[in-house]
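Student: So the mapping is simple: this note's numbering equals the position in the sequence shown, first residue as 1, plus 45.
Think of the hints as simulated: they come from the structure by calculation, not from any bench.
Be a bit skeptical, because a hint or two may be false.
Unchecked claim - Below 27 Å or equal to it, Euclidean Cα-Cα: the simulated DSS-like pairs (lysine-lysine) are:
(1) K49 with K407
(2) K407 with K59
(3) K401 with K59
(4) K116 with K401
(5) K116 with K448
(6) K49 with K59
(7) K270 with K207
(8) K116 with K59
(9) K59 with K86
(10) K270 with K205
(11) K259 with K270
(12) K205 with K116
Claimed, not checked - Derived Cβ-Cβ restraints for the label pairs, each shown as a range:
(13) C457 with G424: 30 to 40 Å
(14) K448 with P71: 13 to 23 Å
(15) E341 with E436: 48 to 58 Å
(16) H475 with E77: 17 to 27 Å
(17) P71 with V460: 18 to 28 Å
(18) Q462 with S227: 54 to 64 Å
(19) P329 with D66: 13 to 23 Å
(20) P156 with H327: 23 to 33 Å
Computed from a predicted model, the values in this text were never measured in an experiment.
We put the beta carbon where it would ideally sit given N, CA and C, even for glycine.
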Amino acid sequence: MQAKAYFTTYFNGKITHSSADCTVTPDIGTQERDVVNIYPKAINQQIDGFGGAITESVGYTLSQMSSPLQKEMLEAVFGADGLRYTLVRTSIDSCDFALTQYEASSCYGAPLNLWHDEMYVIPFIQAAQQVSCSSIGIMLTPWSPPAYMKTNGQRSHGGKLKPEYYAAWATYICQYIQSYQSHGLNVIKLSIQNEPNANQLWDSCLFSSEEEKKFLRDHLCPALKNAGLSEIAIYVWDHNKERLFDRVCDVVDESTEQLIRGAAFHWYSGDHFDSLRLVRAHYPALELLFSEGCIEYDRFDREDQLQSARMYAHDMIGNFNAGMNTFLDWNIVLGSGGGPNHAQNFCDAPILCNTKTGSFEKRLSYHYIWHFSHFVDSGARQISTTTFSTEVDAAAFRNPDGKIIAVLSNNCSTVRQVFLRLEGNLIEIHLEADSIVSVEIV
């Protein structure tokens, strides 16, 4: 057995990368402390892939940079040496990360005009495809139906979809998908409504469990079938984890279980890893898709990059260990102020651009995500682990080629000597303070 470790360490505001071959010794049964057990035969869910969002804000920010820098950033996200993303999420019509609110059609029966997408979203998805080694799959998500379809007559402040517009809204979604397909883009995933339990200052729409179920079963799926789009995977909920199991229980039954591929979730209400475990245990056929998470500037210190990066590692490891199949980050790139955002809801991103100086910064969160997405291949399987302390989070995967990947995050400011124990061997890891490591084991 051979193992190589790849480290990222953060000290005094400086990001350092290193690698080293690991010492592998026989496990003679005496090492008891600081052990992370890896069980390659305890095979769990398949990993579908990794990705992030290209919103109008992302596209606008990239458009303010030079062409060489645009390509460099897209290669950092989608290229073979970067994050290796194979999935992109974007909004049907505007979300908060847009220059302004917009909709492709604002009156019943009028044709859709996707000029906002054609200006800032679609070209950068196409550019990402050019630097990617794999076909990029797209997930579309609506934040709000057109204002005229809603009870409150506006895109913001929640409101509901009027029952008389259920069929029209389903047709609108199908036409949006077809517009993306006409540009050669591969739409493979669709969620019914972003954050259906949130009345936001920005684009939002409330859907109860009963309303989501009725719209899905009686309108959306028939419309997709009639449009020849039945192969698109549909995800319910698409909101925070604390009510994930409740929504799945309410929506999934004999009339809908064949229509739903999985459940999407966000991280903004805390860990709730057991919510994923409940869904995995009671609905084993459903995929669990993390569709959004970011560091909100109104809740967290934007300058505390270590805290932000640790949030990513802690949540990714916890979600993978609880049954997550797919990870989709929020905006891949934003301006240095965490926008633009028409609702002033500014947030961090793995890459921030200074459009005045024509430069960009890879945040520490970028490098922490890299330790997962760069090493874990699509089609990998999560394998079971146990760890000795909450001070060290750990997850492990077996890639399709048989290589084992272990990711460990040191959540404290002291050095830890850690031993990976698997298949009769101990792999010694010198885990620096405030660091993350990926270990390749063959």
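Student: The structure should be examined with respect to each hint, and the outcome stated for every one.
Tutor: Quick rundown of the hints versus the structure:
no.	hint	in the structure
1	K49 with K407	24 Å, holds
2	K407 with K59	12 Å, holds
3	K401 with K59	23 Å, holds
4	K116 with K401	18 Å, holds
5	K116 with K448	31 Å, violated
6	K49 with K59	23 Å, holds
7	K270 with K207	23 Å, holds
8	K116 with K59	25 Å, holds
9	K59 with K86	39 Å, violated
10	K270 with K205	25 Å, holds
11	K259 with K270	16 Å, holds
12	K205 with K116	40 Å, violated
13	C457 with G424: 30 to 40 Å	34 Å, holds
14	K448 with P71: 13 to 23 Å	21 Å, holds
15	E341 with E436: 48 to 58 Å	26 Å, violated
16	H475 with E77: 17 to 27 Å	19 Å, holds
17	P71 with V460: 18 to 28 Å	25 Å, holds
18	Q462 with S227: 54 to 64 Å	57 Å, holds
19	P329 with D66: 13 to 23 Å	39 Å, violated
20	P156 with H327: 23 to 33 Å	43 Å, violated
Checked against the numbered hints given earlier, this structure breaks hints 5, 9, 12, 15, 19 and 20; the rest are met.
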